[in-house]
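Enquirer: Sequence:
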Amino acid sequence: MNRREPLRLDRRVWTVAVIGMVIGGVVGLLIWGPLQMVPFAMIGFALGLAVAWALPRANGSRGGAGGSGDGQPGPEDSRAQPDDDPRNPR
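Under UniProt numbering, think of the first position of the sequence shown as 1, with each following residue one higher.
Because the hints were derived from the structure by calculation, they are not lab data. We put the CB at the ideal spot given by N, CA and C, even for glycine. Do not rely on the hints blindly, as some may be mistaken.
Ranges of calculated distance between the beta carbons of each label pair, as one might list FRET restraints [stated by the list, open to error]: (1) R87 <-> A46: 42 to 50 Å; (2) V22 <-> P56: 18 to 26 Å; (3) V51 <-> I31: 28 to 36 Å; (4) W14 <-> V38: 42 to 50 Å.
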């Protein structure tokens, strides 16, 4: 079973939640009027938190000289291993 790491409220999570809140507020305002803007904004915030939790977190560190989060190997990942190394299955 794949265990997820606990939800950390970092910048990415807050950004996605606030974007969901703004979109929910705009939808509530445009469709049902100003009285429904706040409830839809709250629902959008909750959905934003759920989406941020469900999205996979990028591997590697973002701020350091470690691996880049885009799937490309970082400086420490570029060490080549010989083909006959048993740690390198093919």
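Enquirer: All hints, please: hold or fail.
Expert: For each hint, the structure was consulted:
1. Checking the proposed 42 to 50 Å range against R87 and A46 shows it holds: the Cβ atoms sit about 45 Å from each other.
2. At roughly 24 Å, the beta-carbon separation of V22 and P56 lies within the given 18 to 26 Å, and the hint holds.
3. Range check, V51 to I31: Cβ separation about 21 Å, and the 28 to 36 Å hint is violated.
4. A hinted range of 42 to 50 Å is violated for the C-beta pair W14 and V38, which are about 19 Å apart.
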